[in-house]
Amino acid sequence: MSANERESRQAKAEELRARGLNPYHDRFATTHGLAAAGALDDDVAVEVAGRVLAMRKFGKLIFATLKDRSGTLQVSFERDQLEPEVFEIPKKLIDIGDFIGVGGVMWTTKKEEKTVRSASITPLSKAARPLPEKWHGLQDREACYRQRYLDLVSNDETLERFVLRSEVTSFIRRFLDERAFLEVETPILQGATSGAAARPFSTHHNALDRDFFLRISPETYLKRLIVGGLDRVYEIGKCFRNEGIDASHLQEFTMLEWYATYFNYRDNMILIRELIQAVLEEFKGGTKVRYEDQELDFGGEWPEVDYFDAVNERTGIDLGRVESHDELARRVGEKYPGFDLSQYPSYPALVDGLYKKMVRPELVQPTFLVHHPTELVPLARRSDENPRVLDMFQVVVNTWEIVKAYSELIDPVDQRNRMMEQQDYRDQGDDETMMLEEDYILCMEHGMPPNSGLGLGIDRFVALLSNVESLRDVVYFPTLREAAPIAAAEDDD
RNA sequence: GGGCCGCUAGCUCAAUGGCAGAGCAGUGGGCUUUUAACCCAUUGGUUGAGGGUUCGAGUCCCUCGCGGCCCA
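Each position in the first sequence, counted from 1, maps to that position plus 29 in this note's numbering.
It is possible that part of the hints are untrue.
Claimed, not checked - Within a straight-line C-alpha distance of at most 27 Å, the following computed DSS-like cross-link-like pairs (lysine-lysine) qualify:
#: 1; residue 1: 386; residue 2: 313
#: 2; residue 1: 96; residue 2: 143
#: 3; residue 1: 41; residue 2: 121
#: 4; residue 1: 120; residue 2: 96
#: 5; residue 1: 317; residue 2: 364
#: 6; residue 1: 121; residue 2: 96
#: 7; residue 1: 120; residue 2: 139
#: 8; residue 1: 86; residue 2: 96
#: 9; residue 1: 41; residue 2: 89
#: 10; residue 1: 89; residue 2: 121
#: 11; residue 1: 140; residue 2: 121
#: 12; residue 1: 86; residue 2: 143
No lab work stands behind these hints, which were simulated from the structure alone. Values in this document were obtained by computation on a predicted structure and should not be read as measured data.
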């Protein structure tokens with residue numbers, strides 16, 4: 030017979046057609062999901078459907094395991110209970126990987142397994158290719174990324190991880206909805222990018238004959254809505270940063286941002302801790318998470334670390350006194366001869382680089398890092414007590430920044446100056462500065478209420494909850510290089 | 001960008017420089033209580049791509065591709 034599994038499966042599809050059965054059905058009415066059916070008493074009639082994961086064939090009896098998202102359920106086919114031409118369908122024409130519908134009655138086997146004793150079978154979709162091996166599943170990382178559907182079908186923990194992700198975002202929506210936040214959507218195509226220090230992707234709008242950037246953050250649009258009187262808004266959506274690939278950075282990632290009128294950053298420190306602790310209680314049954322070989326404890330208050338103090342303690346450089354790029358570069362160069370200063374052409378870039386190299390790698394347990402240097406974020410409000418620093422915080426866990434938040438700058442004169450300062454950094458060769466947004470300043474001049482916003486990296490948060498080390502494992506289809514061409518089947522005729 | 005590891009049948013994996021293999025899946029046969037069913041038989045390979053060394057290369061060398069990990 031055929032040496033090619035695909036051909037033999039397609040031949041079975043033809044045989045089904047020859048018997049008047051459509052191998053690619055349009056619908057099937059189920060009475061229960063598989064997990065629900067498995068909880069029923071014996072003798073209850075059911076119609077169920079799923080993908081065939083395994084078949085155990087005896088001469089006159091066949092067991093098959095069906096799978097849907099809720100779980101698996103065994104179905105049985107007995108020759109004595111079925112017309113010969115019906116029994117032949119599972120015996121000869123159904124393969125592992127096919128979708129089938131089954132009608133029958135619940136019973137319990139000798140081994141105490143709930144099973145559907147089939148009275149009818151409906152082929153729903155013939156799989157022309159086999160599933161990965163039932164025992165080990167799909168192991169090849171590249172194949173898991175490129176063919177996530179196979180990863181999901183054959184590796185339970187993958188499905189569970191992605192279901193968790195969906196449930197967590199759903200929980201977050203409920204949490205915010207209950208606190209009078211309104212979910213909104215703002216543009217992904219933006220004429221100027223801001224809200225973060227990052228290089229954007231750019232594209233061209235043909236009809237408008239105008240270049241656009243993919244947003245690196247929704248920040249200024251959400252604050253336009255605060256000006257519009259929406260009071261509390263949030264958005265969960267994709268942002269894009271045209272940067273290097275590594276385990277903790279995706280070029281296309283999901284951000285939650287919210288803004289609350291009359292909040293300052295201290296209010297957001299309270300709210301984010303409540304949210305994260307609520308998520309952990311809901312999904313982990315406590316505030317501790319096992320991550321790789323350590324335990325992350327989100328319980329109680331989180332320590333607060335002052336940005337300047339942390340840099341000073343770790344490097345001996347007092348950013349409060351070292352205020353120019355030249356001087357900072359000199360000090361860093363003296364202290365760390367290996368430090369590649371050319372990568373950090375502006376003062377904020379170098380400060381940020383110093384922090385990321387020297388301080389952040391030590392922040393493992395949940396920590397509030399507070400009062401960043403003013404130059405770092407042109408959209409954040411200066412501290413009234415110390416204009417060198419911002420009313421700002423980040424939550425750092427596992428050396429990852431998962432949250433960034435601040436009291437918003439609402440003074441349009443200061444805003445213009447701060448954006449112009451960014452232009453200077455850009456002129457110095459820093460291409461991760463924010464762009465001047467006249468339209469945003471116009472908006473602010475019309476009156477922006479006091480407010481504070483917060484951003485949470487959903488991918489990183491879910492990765493921590495899932496105990497996976499790479500963000501690619503919490504995204505269904507991570508961006509990869511173009512695959513080598515797959516040998517196309519040329520036997521279709 | 002640099003270093004290291006990997007790429008072998010649909011899947012999971014073997015193979016001192018010496019005949020490319022196993023399990024699962026497939027195919028044929030047997031089997032009415034299995035669940036990684038079992039038993040017998042059996043098909044299936046451009047060893048990621050291209051060069052080179054060698055009597056002989058999956059294996060050694062070079063270039064390239066894709067993925068992973070670490071570093072920058």
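When you check the alpha-carbon spacing of residue 41 and residue 89, does it fall within 27 Å?
Holds, at about 20 Å.
Between residue 120 and residue 96, does the CA-CA distance stay at or below 27 Å?
Between residue 120 and residue 96 the Cα gap is close to 19 Å, so the pair holds against 27 Å.
Take the C-alpha atoms of residue 96 and residue 143, compute the straight-line distance between them, and say whether it is at most 27 Å.
Within the cut-off at roughly 14 Å; holds.
Quickly compare the C-alpha distance for residue 317 and residue 364 to 27 Å and report which way the hint goes.
Status violated; Cα separation ~38 Å.
Are the Cα atoms of residue 120 and residue 139 separated by 27 Å or less?
holds (22 Å)
Pair hint residue 386 and residue 313, alpha-carbon separation not exceeding 27 Å
Since the Cα atoms of residue 386 and residue 313 sit roughly 32 Å apart, the hinted pair is violated (cutoff 27 Å).
Does the structure keep residue 140 and residue 121 at a Cα separation of 27 Å or less?
holds (26 Å)
Does the structure keep residue 86 and residue 96 at a Cα separation of 27 Å or less?
holds (18 Å)
Below or equal to 27 Å on CA atoms is what counts here, so check residue 121 against residue 96.
holds (20 Å)
Taken at face value, is the distance from the CA of residue 121 to the CA of residue 89 at most 27 Å?
Since the Cα atoms of residue 89 and residue 121 sit roughly 12 Å apart, the hinted pair holds (cutoff 27 Å).
For the pair we were handed, residue 41 and residue 121, check the Cα-Cα distance against 27 Å.
holds (8 Å)
Are residue 86 and residue 143 close enough, with their CA atoms no more than 27 Å apart?
Roughly 18 Å separates the two Cα atoms, so the pair holds.
The structure shown violates the earlier hints numbered 1, 5.
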